[in-house]
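Take the given structure of chain A and dock chain B with the ligands to it, following the hints.
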Amino acid sequence: MGESILEVKGLKVYYYTREGVVRAVDNVDFFMEKGETVGLVGESGSGKSTLGFSILKLIPPPGKIVDGKIIFDGIDLTELDEKEMREIRGKRISMVFQDPMTSLNPLMKIGDHLVETIMTHEEVTREEAEERALALLRDVGIMPDRFHDYPHQFSGGMRQRVMIALALALNPDIVIADEPTSALDVIVQFQILDLMERLKKQYNVGMIFISHDISVVAEISDKIALMYAGQIVEYANAIPFFEEHLHPYAELLLQSVPNIELSDQKLKYIPGLPPDLLHPPSGCRFHPRCPYAESICKEKDPPLLEINTGHFVKCFRYK
Amino acid sequence: MTSLRIYVVRRILLAIPTILILLTIVFVVMRVAGDPVSAILGGHAPAEQIERIKEQLGLNKPLYVQYLEYLWQLFHGDLGRSMIWGRRPVLVEILEHFPATLELSISAFIVSIFIGIITGVHSARNYNKPTDHMLRLYGIVTYALFIPWIGLILQLIFGVYLGWLPTSGRIDTLMEPKHITGLYVLDSILTLNIPSLISAIRHLILPSITLGIYLSGIYTRLTRSNMLEILRKDFITAAKARGLPEDTIIYKHALKNAFIPILTMMGLQFALLLAGAVLTETTFSWPGMGTFLAERIFYRDYTTVQGTIVFFALLVVSVSLIIDILYAYIDPRIRY
Ligand SMILES: Nc1ncnc2c1ncn2[C@@H]1O[C@H](COP(=O)(O)OP(=O)(O)OP(=O)(O)O)[C@@H](O)[C@H]1O
Ligand SMILES: [Mg+2]
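The listed protein sequences derive, respectively, from chains A and B.
Heads up, the first sequence is in the working numbering, so the first residue is 3 and it goes up one at a time.
Heads up, the second sequence is in the working numbering, so the first residue is 145 and it goes up one at a time.
Keep in mind that the hints were calculated from the coordinates and are not lab data.
Glycine included, every Cβ here is placed at the ideal spot set by N, Cα and C.
Hints may be right or wrong, so weigh each one.
Among the chain B residues that face chain A by a calculated CB cut under 7 Å, a handful are [claimed, not checked]:
#1 Gly387
#2 His397
#3 Pro476
This is chain A alone, in the form it adopts within the complex:
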């Protein structure tokens, strides 16, 4: 057991839309230790990004953190104001986004993005910041002569490298990577994954790696958190998760993946519709699609229980 760095307790994040309340994250508990990588997987719309953004308190309106605690290094982030959050963002928890094409300021040189970020958080001269920026670019595999280039002169993969450099610029404790490879083509995806795996060790950062692609997550994660309809339904170390997953949803998911290494089409063939978070099903949210559903599943929401050490599951089949 390492040192705990992040603990999310009873987190609820709702979007108050005109059509009603979207319970995008509904009573989520999870924790992570320093330097470990948690793969957060789930279908599209299951609330992965919302959970990721809420850790930085960057939920776009009409979203709100309704309840719960986000304890980071002993501080409850939900209690902090904007100014205090700014000191966390980028410096202690940073983020890599899905679409590298739109995540950089088109009017700003690549190098200046890094320099600006470093100088925002640390009292350094411009020269020192530039030197560090160059070192970061080198670490992500970008030649120093591209320091003065603009984003439009870079390919998607190169831009994602820049985003990674930006996320690592201040040696944060946690990087939240929200589908960092989904917008890239396959070969580039592998390169970026390799790079992230290498840098994660080099910089010794913890990571929350969000993906709808369980095979991508399998490679890089120490732990897997499986999300379904705004809730974490199973949470375990990666090896036990793949070998003896407990939740019916996990079972169905992994069945639809004949070989983790080879697959790239996964979560598609589970019968039934993904739930509508405006009107989530009663009881266990997975019950309408669950082959093992019993009457209790319709009536009561199962708790997330630790079945084996460090292996949590939210299902009435396990007590």
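The following block gives chain B with the ligands in isolation, referenced to the frame of chain A:
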């Protein structure tokens, strides 16, 4: 920077055909749409006098010769001579009045951009709050206002009622600074003439605010809508996720990106700025091109009117050229 230089040269070369087309339009409109001789002399002048005027204006020559002569003269910076009062060169007269208009336009332009951007940014920042609703109303109302009406209200309040500011002219009598550029504020500063500077600024305030308010509404609306659009972009969220201060995000990241369409609008608005300056000048007895043009139209000073229109047209083309170059300077994507 070399790519920028290539762009600038190419853009300047492209302006040449535009200028030729514009000059041709002015020529055609002036020759075809009206009969300058009867405009000058009235309906029933003796044939002999008509002939004399025609010769004086070169109107007895074939049209293509007239056209080429017109271009040839313009090419040498010759706009012809006035038809009244000592037949002074038109260019000289224009250049006498232009600094007054330029001074008014520049300061009104600054006022409008300043008001427009501040209100627009403020509006976007307070999206859907009362401040936003009020500023949106401002953005619509100012556009519908009539310049002489804004001018009159300001004259009444600050000139007549409070007595703080002069309501007509460019400067108090005998206070003119030594002529260097013809812009009184600038000349006063260059000659360190403080009393002139104060007088010039005091005269400039009401007309600039009048024209500035009139032109600001469109910038308020444009800044607001562009800021709202940019603030929704991923790179803004990414900047927030890096912990950058809000003002840096608003002004350095968002406003600079929102500025490109605003810059385009500045170019498009330039013609309106000149037209507005003409109306403002007459409201405030400002001795610039507007007052001058109105007076010469009244006297049917054909050559001067034509020359002034050519001058305005060239001005609009040059400004759009400058705007395009600024554009490329701000946005690196345009250069390639
Ligand atoms: N700005 C918003 N306004 C209203 N509802 C939203 C908003 N953003 C997300 N949602 C809703 O919240 C739920 C969770 O969305 P979220 O983006 O967190 O899912 P996700 O798991 O990241 O999906 P994806 O794989 O598509 O990125 C979805 O039902 C979505 O429709
Ligand atoms: Mg997402």
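Against the structure, the hints:
1. Gly387: Holds, because the Cβ-Cβ distance from B/Gly387 to chain A comes to roughly 4 Å (cut-off 7 Å).
2. His397: holds (5 Å)
3. Pro476: This interface hint holds because 5 Å falls under the 7 Å limit.
In the structure shown, no violation is registered for any of the earlier numbered hints.
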